Amino acid sequence: MQFKALLALAVASALAACAHTAGTETAEAEASDSAAAEQTSKKTTEIPVATTPNPLLKASTLPYGMPAFDKIEDGHFVPALEAGMAEQLAEIDAIVRVKSVPTFENTIVALERTGATLGTATRVFFNLNGADTNPVRQAIASKMTPALTAHQDAVFLNDGLFQKVDAVYRSRNDRGLDAESIRLIEQYHLGFVRAGAKLGEDDKATLRELNKTIASLSTTFQQNLLADTNDLAVVVDDVADLDGMPEDAIAAAAEAAKARDLPGKYVFTLILPTGQPPLSQLNNRDLRERLHKASIVRANRDNEYDNKDVLLKMVKLRAKRAQMLGYDTHAAFSLDNQTAKTPKAVNDLLAKLAPAAVRNAKREAADMQALIDALGGDFKLAAWDWPYYAEAVRQDKYAFNEADMKPYFELDRVLEDGIFYMARRLYGLSIIERDDLPVYHPDVRVFEVFDLAADGSAEPLGLFLFDPFARPSKRGGAWMNSYVEQSHLLGNKPVVGNHLNIPKPPEGEPVLLTFSEVNTAFHEFGHAVHGLFSDVKYPFFSGTSVPRDFVEYPSQVHEMWATWPEVLENYARHYKTGEPMPQELVDKFLSTQQFNEGYATTEYLAASLLDQAWHQLTPEQIPDDAMAYERAALEQAGVDFDPVPPRYRSTYFAHIFAGGYSAGYYAYIWSEVLDADSVDWFKENGGLTRENGDWFRKTLLSQGGSAEAMELFRAFRGRDPVIEPLLEKRGLQ
Numbered sequence: 000m001q002f003k004a005l006l007a008l009a010v011a012s013a014l015a016a017c018a019h020t021a022g023t024e025t026a027e028a029e030a031s032d033s034a035a036a037e038q039t040s041k042k043t044t045e046i047p048v049a050t051t052p053n054p055l056l057k058a059s060t061l062p063y064g065m066p067a068f069d070k071i072e073d074g075h076f077v078p079a080l081e082a083g084m085a086e087q088l089a090e091i092d093a094i095v096r097v098k099s100v101p102t103f104e105n106t107i108v109a110l111e112r113t114g115a116t117l118g119t120a121t122r123v124f125f126n127l128n129g130a131d132t133n134p135v136r137q138a139i140a141s142k143m144t145p146a147l148t149a150h151q152d153a154v155f156l157n158d159g160l161f162q163k164v165d166a167v168y169r170s171r172n173d174r175g176l177d178a179e180s181i182r183l184i185e186q187y188h189l190g191f192v193r194a195g196a197k198l199g200e201d202d203k204a205t206l207r208e209l210n211k212t213i214a215s216l217s218t219t220f221q222q223n224l225l226a227d228t229n230d231l232a233v234v235v236d237d238v239a240d241l242d243g244m245p246e247d248a249i250a251a252a253a254e255a256a257k258a259r260d261l262p263g264k265y266v267f268t269l270i271l272p273t274g275q276p277p278l279s280q281l282n283n284r285d286l287r288e289r290l291h292k293a294s295i296v297r298a299n300r301d302n303e304y305d306n307k308d309v310l311l312k313m314v315k316l317r318a319k320r321a322q323m324l325g326y327d328t329h330a331a332f333s334l335d336n337q338t339a340k341t342p343k344a345v346n347d348l349l350a351k352l353a354p355a356a357v358r359n360a361k362r363e364a365a366d367m368q369a370l371i372d373a374l375g376g377d378f379k380l381a382a383w384d385w386p387y388y389a390e391a392v393r394q395d396k397y398a399f400n401e402a403d404m405k406p407y408f409e410l411d412r413v414l415e416d417g418i419f420y421m422a423r424r425l426y427g428l429s430i431i432e433r434d435d436l437p438v439y440h441p442d443v444r445v446f447e448v449f450d451l452a453a454d455g456s457a458e459p460l461g462l463f464l465f466d467p468f469a470r471p472s473k474r475g476g477a478w479m480n481s482y483v484e485q486s487h488l489l490g491n492k493p494v495v496g497n498h499l500n501i502p503k504p505p506e507g508e509p510v511l512l513t514f515s516e517v518n519t520a521f522h523e524f525g526h527a528v529h530g531l532f533s534d535v536k537y538p539f540f541s542g543t544s545v546p547r548d549f550v551e552y553p554s555q556v557h558e559m560w561a562t563w564p565e566v567l568e569n570y571a572r573h574y575k576t577g578e579p580m581p582q583e584l585v586d587k588f589l590s591t592q593q594f595n596e597g598y599a600t601t602e603y604l605a606a607s608l609l610d611q612a613w614h615q616l617t618p619e620q621i622p623d624d625a626m627a628y629e630r631a632a633l634e635q636a637g638v639d640f641d642p643v644p645p646r647y648r649s650t651y652f653a654h655i656f657a658g659g660y661s662a663g664y665y666a667y668i669w670s671e672v673l674d675a676d677s678v679d680w681f682k683e684n685g686g687l688t689r690e691n692g693d694w695f696r697k698t699l700l701s702q703g704g705s706a707e708a709m710e711l712f713r714a715f716r717g718r719d720p721v722i723e724p725l726l727e728k729r730g731l732q
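Numbering-wise, numbering that gives the first Met the number 0 puts 522 at position 523 of the sequence shown, and it's gapless, one number per residue.
Be careful, since some hints might not be right.
Distance condition first, Cα-Cα at most 25 Å in a straight line; then the derived SDA-like pairs of lysine to any residue [what the hints assert, rightly or not]:
id, residue 1, residue 2
1, LYS536, PRO459
2, LYS682, GLN593
3, LYS340, ASP165
4, LYS396, SER590
5, LYS57, LYS142
6, LYS536, SER701
7, LYS697, TRP563
8, LYS587, ALA365
Just so you know, the hints here were simulated from the structure itself, not pulled from any lab data.
None of these values were measured; they are calculated from a predicted model.
Turn these sequences into a full structure, and let the hints steer you where they fit.
Laid out in structure tokens, this is it:
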């Protein structure tokens, strides 16, 4: 698209969010540092005037149209965004002024061609603001989010434009068009209707104000969260308090302290979810408690960064907007355009899973309490104890310590001998690093991706940017984004990026990953190939342009390859000796795959249920006390088990209040139904083979949104999905 990004804003109201905010839910990391707290300061930051010609106002001359990051100044963004909006409005005005009968070419295809400058500027700016923010970019986001929201309304509430789209829509089956073109008409029409095109003029004016305010609140929520997260980083004075932590983690904490000008101390920044990685290692219970309590109070301290009022206002305005558009609640509005379709379908799935998950969690808690008692601990298991004693129970039951695996997971080897090896075997890809292309941060690497034919020839496919490390300027989580979207109509090949939040060790030290970080890397590359393999005519359908509760499915499938024997053997080698991971260690790890699954499923479901609880409210039902409502909602859903807090509490639930997952956090488990069933298909058909990869690519990964999502699944699997593989995977039979 050029137009598609604008439509996404109108439908999802997620302007500043990337398409995949969460990435895999097993390993998200919140980059934070004191410097970032300054970046999100409430003080006004002056937006500079550019000193060089604006590269965002013309097509990039770099391979694949990759942005010229070395030439982009912060002062370029506002002029490019403003010029892009003006340009698109002029292009749309030209479409409206056409006197002849509306046709597919002069209306729908013409819309697909609009907004080239705006599409480039928005993708580059918002991707950079997430991956490498600074005070100026924060100020630009605050300034331009309302302006862009108003612009989207100027497009989608343009009655003259809608009448033309509607005319093409009503005669779509009489025009001799192919299936992709008919679907394009239908999706445009749906987008206009969902954006309010059928409303009267007074209601349209009200909707414009609602959209603008919601967008501003979302930006405020994210900036508050980043600032308070940075402020709550835990500082430790004495290394003795870090007993139990591995040396590389202690060194990383020392480096974080140095970055804050705290030499001799140790700093632990908070990752995005409630659970913090050091909790599984620290022997010091008081420090574990301190770290956990810092995590759960984020943006909930009645200070200038408090998000309670922000989220209450947002929930109420979303509910009002939904009712204006003909839906009872925001959840009903949001889900109507997903594969789930209704709140009832989501509620039924979550209700089916939650009781078994909580039962499993309580059994796990009993095992840990028994160990605490046996060790003479005179206390009741608390949330900050769970990761620590879960690890102890796992070592006792399985003689397995996850820390033993880290020396075998060196980042470069995981990437090149694991992920890229998988891509070569499964899809026939050749991935070659390019060090001649500009990047936006020194940590970023660029790779060119080629399709290898049977005769050995290579066809250029696109570019892959890899940004692995946490830093003060980077938002939390792991995600994929697109800088250039594939389209035969526009002649574009894809440029995509993966972003992780791996703690960066001191200079010269190896980058050793946890298995969760390895799994995240495989997951995010699944999103990347979904973008890279796109083979559609219209940019509207490019890559990951699928429903929110379907988009995680292909990436979750790719997690299977992290432990596939042939792949694991190729990359899991000791960083010093090169020796493969001992089979005994592999077997012990695989035997623990369902261990602690009650905890993992319960914390996820609690967050999903909390999301639905907020977004299934009518405007009249919005509470005055956010935290009291949160407690009541968890209790009513039966997931209020104190040792297992929700993966996100409301004030730091960025997925739903600062990202595109409002009423959609259930999507991970919904997609996992498809994922688990698809993993069974791969196993039934021989696993890691080019034939299997080509089938997955042909029937699903290359299709983007050009067909209904479940049609794509059925084309791949040969039938509708079944839930039994998921229940078995999570131990919920």
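Hints, one by one, checked against the model:
1. LYS536 <-> PRO459: Holds - the C-alpha atoms of PRO459 and LYS536 are around 18 Å apart, at most 25 Å.
2. LYS682 <-> GLN593: Holds: LYS682 and GLN593 sit about 19 Å apart, inside 25 Å.
3. LYS340 <-> ASP165: holds (23 Å)
4. LYS396 <-> SER590: holds (10 Å)
5. LYS57 <-> LYS142: The hint holds at about 23 Å.
6. LYS536 <-> SER701: With Cα atoms ~11 Å apart, LYS536 and SER701 stay inside 25 Å; holds.
7. LYS697 <-> TRP563: Answer holds: LYS697 to TRP563 is near 22 Å, not above 25 Å.
8. LYS587 <-> ALA365: Since the Cα atoms of LYS587 and ALA365 sit roughly 23 Å apart, the hinted pair holds (cutoff 25 Å).
In terms of the numbered hints stated before, the structure departs from none.
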